[in-house]
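Q: The residues making up each chain are set out below.
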Amino acid sequence: MDIRVLDPNPIYLDQTFRLRFRFSNNYPIESPEVTFIPLTSPPRPVPLHPHVYSNGYICLDLLGASGWSPVQNVESVCMSIQSMLTGNVKAERPPGDEDFVRRNTLRPRDVNFVYEDATV
Amino acid sequence: MLLAMKVTIKEWNAVATWRWDMPEDEVCGICRVQFDGTCPTCKYPGDECTLLIGKCGHSFHMHCLRTWIDQESSKGLCPMCRQKFESKRE
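Residue numbers (my numbering), protein chains in the order written: chain A, 423 to 542; chain B, 13 to 102.
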């Protein structure tokens, strides 16, 4: 699924991002696994955001067990991610990004993200 | 002049339809199937696959909601409004 930010946020201007959804047999009781995947052709970078790691992992409460609800769907997840990008003013990676990307062996859902900064 | 014809009814078959007392196009927010259809695990609609109406006003197939409530992560909350899910009628 490709998404774009439609308002003129300079961080994401003229960029398109590719999201991958993976559904378990328990969907929608369980959240889907949603990550950004980088592509070179067509160009699909991983968006710069303090909650998006450079390997495409997204730290968003509704994608984890604590924030997911079975009335969510692909459309509502895409809208939440769009809104997370739209409102962002920091063109940076999460703290500890390099370390996390190098060491992490867990699936996105199993990573214990700390939702510390609710302002971005 | 009127002609009268005598008819004897030997046999008759009654046919009835039923539906849940819900707006026709409303779907279960969990499985997205119409309330008049079944949840994804059942074959026939009816009392075996009934609906639950919450005090919060949100309705689901009973089986869909049970599956959700059985998850620890649901914390017993309504998937729509995240209030404690309590069924309207016991």
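Read the hints as simulated data drawn from the structure, not as lab findings.
There may be inaccurate statements among the hints.
[What the hints assert, rightly or not] Chain B residues, not near chain A, derived (Cβ > 10 Å throughout):
| # | residue |
| --- | --- |
| 1 | ALA26 |
| 2 | TRP32 |
| 3 | GLY41 |
| 4 | ARG44 |
| 5 | LYS55 |
| 6 | GLY88 |
| 7 | GLN95 |
[Stated by the list, open to error] Distance ranges between label pairs, derived from CB positions:
| # | chain 1 | residue 1 | chain 2 | residue 2 | range |
| --- | --- | --- | --- | --- | --- |
| 8 | B | GLY69 | A | ARG524 | 16 to 22 Å |
| 9 | A | ASP483 | B | ALA26 | 53 to 59 Å |
| 10 | B | ARG94 | A | PHE445 | 35 to 41 Å |
| 11 | A | PRO430 | B | THR29 | 52 to 58 Å |
| 12 | B | TRP32 | A | ASN495 | 21 to 27 Å |
| 13 | A | MET501 | B | GLN95 | 20 to 26 Å |
| 14 | A | ASN526 | B | PRO52 | 48 to 54 Å |
| 15 | A | ASN447 | B | GLU38 | 24 to 30 Å |
[Claimed, not checked] Taking lysine to aspartate or glutamate and the DMTMM-like style, the derived pairs with C-alpha atoms no more than 25 Å apart in a straight line are:
| # | chain 1 | residue 1 | chain 2 | residue 2 |
| --- | --- | --- | --- | --- |
| 16 | B | LYS87 | A | GLU452 |
| 17 | B | LYS55 | B | ASP82 |
| 18 | A | LYS512 | A | GLU452 |
| 19 | B | LYS96 | A | ASP436 |
| 20 | B | LYS87 | A | GLU455 |
We put the CB at the ideal spot given by N, CA and C, even for glycine.
Q: It remains to establish, for every hint, whether it holds in the given structure.
A: Now the hints, each set against the structure:
1. ALA26: holds (40 Å)
2. TRP32: With a cut-off of 10 Å, B/TRP32 remains clear of chain A, as the shortest Cβ separation is near 19 Å.
3. GLY41: violated (4 Å)
4. ARG44: violated (8 Å)
5. LYS55: The claim stands: B/LYS55 keeps its Cβ more than 10 Å from every Cβ of chain A (closest is about 19 Å).
6. GLY88: Fine: 13 Å to the nearest Cβ keeps B/GLY88 off the interface.
7. GLN95: Since the minimum Cβ distance to chain A is about 12 Å, B/GLN95 lies beyond 10 Å and the statement holds.
8. B/GLY69 to A/ARG524: 16 to 22 Å: violated (49 Å)
9. A/ASP483 to B/ALA26: 53 to 59 Å: Cβ of A/ASP483 to Cβ of B/ALA26: about 55 Å, so the range 53 to 59 Å holds.
10. B/ARG94 to A/PHE445: 35 to 41 Å: violated (23 Å)
11. A/PRO430 to B/THR29: 52 to 58 Å: holds (55 Å)
12. B/TRP32 to A/ASN495: 21 to 27 Å: The hinted range 21 to 27 Å holds for B/TRP32 and A/ASN495, with Cβ atoms some 23 Å apart.
13. A/MET501 to B/GLN95: 20 to 26 Å: 23 Å Cβ-Cβ, so the 20 to 26 Å window holds.
14. A/ASN526 to B/PRO52: 48 to 54 Å: violated (34 Å)
15. A/ASN447 to B/GLU38: 24 to 30 Å: Hint holds: Cβ distance 26 Å, inside 24 to 30 Å.
16. B/LYS87 to A/GLU452: Status holds; Cα separation ~14 Å.
17. B/LYS55 to B/ASP82: holds (22 Å)
18. A/LYS512 to A/GLU452: violated (31 Å)
19. B/LYS96 to A/ASP436: With Cα atoms ~43 Å apart, B/LYS96 and A/ASP436 exceed 25 Å; violated.
20. B/LYS87 to A/GLU455: holds (21 Å)
Figure legend: structure checked against the earlier numbered hints; hints not met, in rising order: 3, 4, 8, 10, 14, 18, 19.
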